[in-house]
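*Asks:* Residue numbers (the numbering used here), protein chains in the order written: chain A, 1 to 183; chain B, 1 to 500.
The hints are simulated quantities; they were obtained by calculation from the structure and are not laboratory data.
Chain B is faced by these chain A residues, among others (derived, beta-carbon under 8 Å):
| no. | residue |
| --- | --- |
| 1 | Asp-70 |
| 2 | Gln-73 |
| 3 | Gln-74 |
| 4 | Glu-87 |
| 5 | Tyr-107 |
| 6 | Ala-123 |
| 7 | Asn-128 |
| 8 | Lys-155 |
| 9 | Phe-162 |
Quick list of the computed label-pair ranges, beta carbon to beta carbon:
| no. | chain 1 | residue 1 | chain 2 | residue 2 | range |
| --- | --- | --- | --- | --- | --- |
| 10 | B | Ile-36 | A | Val-179 | 35 to 43 Å |
| 11 | A | Thr-26 | B | Met-299 | 58 to 66 Å |
| 12 | B | Ile-292 | A | Ser-168 | 52 to 60 Å |
| 13 | A | Leu-156 | B | Leu-246 | 40 to 48 Å |
| 14 | B | Ala-426 | A | Val-179 | 50 to 58 Å |
| 15 | B | Met-299 | A | Asp-57 | 17 to 25 Å |
| 16 | B | Phe-314 | A | Leu-156 | 48 to 56 Å |
In this text, a Cβ means the ideal position worked out from N, Cα and C, and glycines have one as well.
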Amino acid sequence: MNLIKQPNKITPFALKTKRNLLISITVIILFFNVPITLAFQHIVPTNELIENAKKYDGNEVYFKGEVIGDVMQQGKFFWLNLYDGNEAMGIWGTIDLLPKITYIGDYKHKGDSVLVKGIFHRACSEHNGEIDIHALELELEEKGYTVGHPFNRTKLFYAISFFTLTISSFLYYQKIKLVKGIK
Amino acid sequence: MLLKPRKNDYQIIGYYSGIILIGLGFLMIVPFITAILFSEWNCALDYVIGMGICLSTGYGLRIACYTNRDLHWYHGMVVAAVSWFLATILGAVPYWLSGYFNSYLDACFDMMSGYTTTGLVLIQDINHLPHSLNMWRHILTYVGGQGIIVVALTFLMKSIPGAYRMYVGEGKDERLLPNVVQTARAIWIISIAYLVIGSLVLWGILYYIGLSPVRSLLHSLWLFMGAWSTGGFTPQSQNILYYHSLSIEVITCIISIVGSLNFALHYVVWKKGYKEIYRNIETFSFSLTVVISFIILSMGLKRGAIFPHFFACFRKGFYTIISAHTTTGNMTIYGRQLVTEWGPLAMLGIILAMSIGGSASSTAGGFKGLRMGIIFKGLFEDIKKMINPDSAVIIEKIHHIKDISLDDKLVRSASIIVMSFVGSYALGTLIGTFYNYPVLSALFESVSAGSNSGWTCGITSVSMPVLLKVVYIFQMWVGRLEFISIFTLIGFLYAGITGR
Chain A
1 MNLIKQPNKI
11 TPFALKTKRN
21 LLISITVIIL
31 FFNVPITLAF
41 QHIVPTNELI
51 ENAKKYDGNE
61 VYFKGEVIGD
71 VMQQGKFFWL
81 NLYDGNEAMG
91 IWGTIDLLPK
101 ITYIGDYKHK
111 GDSVLVKGIF
121 HRACSEHNGE
131 IDIHALELEL
141 EEKGYTVGHP
151 FNRTKLFYAI
161 SFFTLTISSF
171 LYYQKIKLVK
181 GIK
Chain B
1 MLLKPRKNDY
11 QIIGYYSGII
21 LIGLGFLMIV
31 PFITAILFSE
41 WNCALDYVIG
51 MGICLSTGYG
61 LRIACYTNRD
71 LHWYHGMVVA
81 AVSWFLATIL
91 GAVPYWLSGY
101 FNSYLDACFD
111 MMSGYTTTGL
121 VLIQDINHLP
131 HSLNMWRHIL
141 TYVGGQGIIV
151 VALTFLMKSI
161 PGAYRMYVGE
171 GKDERLLPNV
181 VQTARAIWII
191 SIAYLVIGSL
201 VLWGILYYIG
211 LSPVRSLLHS
221 LWLFMGAWST
231 GGFTPQSQNI
241 LYYHSLSIEV
251 ITCIISIVGS
261 LNFALHYVVW
271 KKGYKEIYRN
281 IETFSFSLTV
291 VISFIILSMG
301 LKRGAIFPHF
311 FACFRKGFYT
321 IISAHTTTGN
331 MTIYGRQLVT
341 EWGPLAMLGI
351 ILAMSIGGSA
361 SSTAGGFKGL
371 RMGIIFKGLF
381 EDIKKMINPD
391 SAVIIEKIHH
401 IKDISLDDKL
411 VRSASIIVMS
421 FVGSYALGTL
431 IGTFYNYPVL
441 SALFESVSAG
451 SNSGWTCGIT
461 SVSMPVLLKV
471 VYIFQMWVGR
481 LEFISIFTLI
491 GFLYAGITGR
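Using the sequences provided together with the hints, build the complete structure.
*Replies:* Here's what the structure looks like:
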């Protein structure tokens with residue numbers, strides 16, 4: 001039995017595997033155009049920004065959320081609001097930064113998910129005290145989709161039942177009015 | 001000795017409460033049509049079910065409780081209290097069916113908040129609501145601001161002597177016209193006229209800032225309804241902050257102020273001109289207390305050194321004070337910023353503004369400027385009596401539409417209502433503190449609920465304790481009806497149990 005611990009040896013096989021792995025990752029990054037500068041940054045949620053606004057004020061932050069409501073284009077600039085599940089945050093920037101947004105979040109749609117790198121302001125001097133993020137880069141992370149609302153037959157049954165009950169009550173009430181001479 | 005209510009009393013209450021529920025049922029036609037227009041089929045079924053429940057209950061009460069007797073004062077008060085309660089319970093059905101509420105209690109909370117034009121919400125995922133649900137939310141505040149009994153008087157009732165007693169039970173006592181049904185219709189004409197003008201202006205601005213034509217139309221209606229009724233509901237979670245627009249803030253500010261004015265004042269200005277605005281004690285009281293609360297708020301903001309320049313501070317601060325003082329609740333900041341950034345002094349300024357509120361017989365809540373004016377005039381009168389010889393005759397007058405001599409009865413009734421509001425604020429603060437919320441935050445949220453303002457510093461949420469939700473519902477209810485009808489209901493129920 002060999003009681004002396006042998007130093008770890010890197011075998012040729014292990015070296016080859018490591019090299020292949022590195023090449024694969026590089027190919028994936030180049031092929032799928034994964035933005036390594038944005039993708040691996042710490043994304044700050046809205047409640048963190050609001051609770052610690054002073055700490056983040058004037059600093060570069062990474063924020064991600066679903067596009068909701070409207071993309072408000074105002075000349076060379078835009079406002080959009082990104083919702084991250086906690087609260088929504090206003091993002092302001094120049095039109096050239098805006099990615100192609102296909103879906104905007106509403107009742108029938110889950111909006112596109114956008115990642116933004118920008119400067120956070122707890123009371124923006126340019127926008128007269130608004131809490132906002134001035135975008136430096138915007139990246140479409142995930143495309144949205146149409147949300148289905150399958151027709152609910154149980155509700156239809158109850159709707160028909162209550163409608164029938166209402167008509168019956170109304171007709172009976174009219175009859176009572178006639179009988180009792182109520183005007 | 002209390003007299004036990006008789007069968008006739010219950011019949012009268014049931015009969016007239018029935019008509020309120022019928023009115024509520026017919027109101028659901030508006031969101032139903034909205035659902036059809038936007039192909040929200042499941043939502044359309046929600047309103048059919050809601051209509052069915054309200055209408056069949058209303059007609060059922062009319063059938064079971066038929067009476068040809070008129071209402072006494074206490075009947076009118078009890079009908080007002082009971083019908084608001086029933087309208088909350090039954091009107092919550094479409095909310096509950098929508099799937100956007102965690103519990104039926106949460107749905108009732110939002111219903112009461114809408115009717116009472118408070119604006120506190122427990123609805124989930126507000127940014128993905130169907131248009132029909134937003135229409136229901138906002139039309140509730142619009143109707144609630146006028147009063148659901150006013151709606152019934154306008155559209156469903158003939159003029160009977162007891163109608164005025166129900167009207168008063170809803171916290172109004174201004175008679176614009178000799179007949180209360182004509183008064184109710186005049187209130188509606190004023191409201192609809194402003195709706196048309198205000199919505200058109202908002203529609204134009206919203207389209208200009210980048211909303212689509214259809215969304216800008218819908219948002220213009222909803223923003224107007226929320227601001228005019230001083231309810232503060234908006235279709236997006238960020239409230240007015242969503243629009244990032246100074247123009248929207250200015251217009252909603254103006255609409256809130258106009259909505260918080262006494263309907264009698266609107267009528268007089270319409271018929272006789274603008275002089276009444278300058279002479280009226282309510283407008284004077286409102287202006288004075290806006291200035292005082294804004295000074296307190298500004299001192300707090302200056303201390304926090306949050307804003308980069310004066311205009312930013314003025315924009316956010318003044319809008320906040322107007323929103324709080326008119327008890328609208330529209331916000332251009334996140335609620336948590338009040339605690340984390342604005343600080344206790346600014347919060348106290350907002351609390352003062354909310355607690356006083358708007359004008360009597362308006363869509364606003366709070367003590368009302370008229371009562372503040374009466375109480376302070378009463379105090380001045382007492383001071384004058386003390387410093388003048390005993391033989392001096394001191395008569396104080398106030399001008400509210402007409403000159404009114406101040407008497408002890410007037411001062412006493414104003415004081416009783418103000419004390420009741422203070423009691424309501426204290427109750428909510430106590431319960432909030434019991435659940436370990438900081439005292440100032442508990443006070444802030446309690447005053448917001450009790451004065452029907454709708455500002456939140458973060459306490460109102462789905463995870464709030466159940467008892468606190470119930471207490472806030474109660475505070476919103478009593479605040480909107482200004483206590484007397486609730487006290488009458490309690491007395492009626494007590495007499496029902498212990499009376500002879």
